[in-house]
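Participant: Using the sequences and the hints, build the whole thing.
Listed below are the residues making up each chain.
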Amino acid sequence: MKDKIRIASGQGFWGDLVDAPYHQVTKGDIDYLVMDYLAEVTMSIMQKQKNRNPKLGYAIDLIDLMKKILPISTKKGIKIITNGGGVNPISCADAILEVAMKLDIGKLDVAVVLGDDIKDCLDDLIKKGCDLNNMETGEPIVTVKDKLLSTNVYFGAFPIVEALKRGADIVITGRTTDTGLTLAPMIYEFGWKDTDYDLLSAGTVAGHILECGAQSTGGNFLGDWESIENFAEIGFPIAEAYLNGEVIITKHENTGGKVTFETVAEQLVYEIGDPKEYITPDCVADFSSIKLEEIGKDRVKVYNVKGKPETEFYKVSCSYHDGYSATGSLTYSWPQALTKAKAADKILRKRLENLGLKFDEIRSEYVGYNATHESLAPDLEEDKINEIVLRFSVRAKDRNTVNRFGQEIAPLILTGPPSVTGFAGGRPKPKDVIAYWPALIRKSMVVPKVKILELK
Amino acid sequence: MKIKLRDIAHGRSGDKGDAANIGIIAYDEKGYKIIEKHLTVKRVKEHFKGICNGTVERYEMPNIRALNFILNDSLGGGGTVSLKLDAQGKTLAAALLRMELEVEKI
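Protein chains in written order, with numbering that gives the first Met the number 0: chain R, 0 to 455; chain Y, 0 to 105.
Note that these hints are calculated values from the structure, not bench results.
The model shown is predicted, which means the values in this text are computed figures rather than measured ones.
Some hints here could point you the wrong way.
[Stated by the list, open to error] According to the in silico footprint, chain R covers these stretches of chain Y (three or more CB under 8 angstroms from chain R): (1) 0 to 11; (2) 30 to 37; (3) 43 to 51; (4) 59 to 73; (5) 93 to 104.
Every residue gets a Cβ at the ideal spot worked out from N, C-alpha and C, and that includes glycine.
Facilitator: See the structure below:
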């Protein structure tokens, strides 16, 4: 049994720095590379891709990445864990094995975690009494069933632990919690039990710190952000985990960014609710127990984490189609940039009204003035402002209504206030609106499955 | 004396459905005492009256000198439903740091 492992975060979302995982495996020693690719919107995008081509539906970037890092990771004995399998972990694993074969990697065991995708057995589950009521509104899932795009259960660390026990070098999952990716190797290497709630919570906290990539190493740091050196080559976080649950957050030497009390604390508070009740499938961690201590340059110790038993439920994330939206923008220059943009907004609203179009929402924002802080934006001295962007958006259930709006915004260039530009992109097209349906399901209703695919 | 919250604290914000979460972290213990006392639910709700249409919840994390606020019904529907440029509330921590506080000498 090991008493220390180094787990490196390689990706904070699908679309993060492409070469970050490569730097994590080459710039220093690590034992595990973990990569989070899934946001809620990602699952519905992947499901659409799979509907078009049954061999797709996973984070396709993984394949090019594997070409680059497999020869290095297998040589160094680095294991890779990712939820980039999306809605098609098997095809993802097959594609990785194909890469390994072409590269003549030799023996490689790729595990997939299955069972999170409950789209096809939803009718059965509903018959068995799973209402999958919306956690926010209380409505049962049948109200949106025909519009559902994806339905996935969030699994935790333990299916990955099983995969590691069965000898996996790479673990590909579907919807697994971001924190489970980091917690799993600790459970496996240190022999933690499923009732070691403080330890499981310690690993969960480490996972929360790693799950958004460089957001814990100086990225998006709202403290003294100008003190962050070398953003261009920012190092992604590494959790140096110990048998007793203590974790040191660090990064490779000779990389940019910074690991301090402040950079880690900002990530700790990111997207949390009640800090005493950080619920995962593995445990309920108490974020108000966490202690942070700077113990060296770019080294922050995270310790004293307390936790409670897990709940009886898995969270389920469903996405469904909920109408259409479109956004267009026009840029007005000095003089009177804001006054002109506001006049254009009024004209556009009048024209939409005259057309008798019914929208669920119309929203105008003035970029350069109040698009971000809205009513908190200070009054501006219009003469000192060089330009304002009118950002105009609509949303409706009917696609044609949204499409018709797209025909109305461009004409403002010739039929409204002067010194307007910035309409090179063509008419705004209706985009699908994907809404979310968070729900709970009793753990006994779904069983995670682990399958090993071997390359001999 | 009047100070800006920005002088004594930093933070980060994000989304949880249609709610925004704003974590505010004081730079030192003295600062934490100030935010603990002055950043009340009422004060934060008043500050965000044009943005937050729901209730405000406050949670304390003295262990890292932080307060966490949940601003319900604040993101125009949240996720990809929202038409807001900042649909995920990413800039709301900065918006809270604009707040001015009337404090005893620090």
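Participant: To test your reading of the hints: which numbers does this structure violate?
Facilitator: Of the numbered hints, just 2 does not hold.
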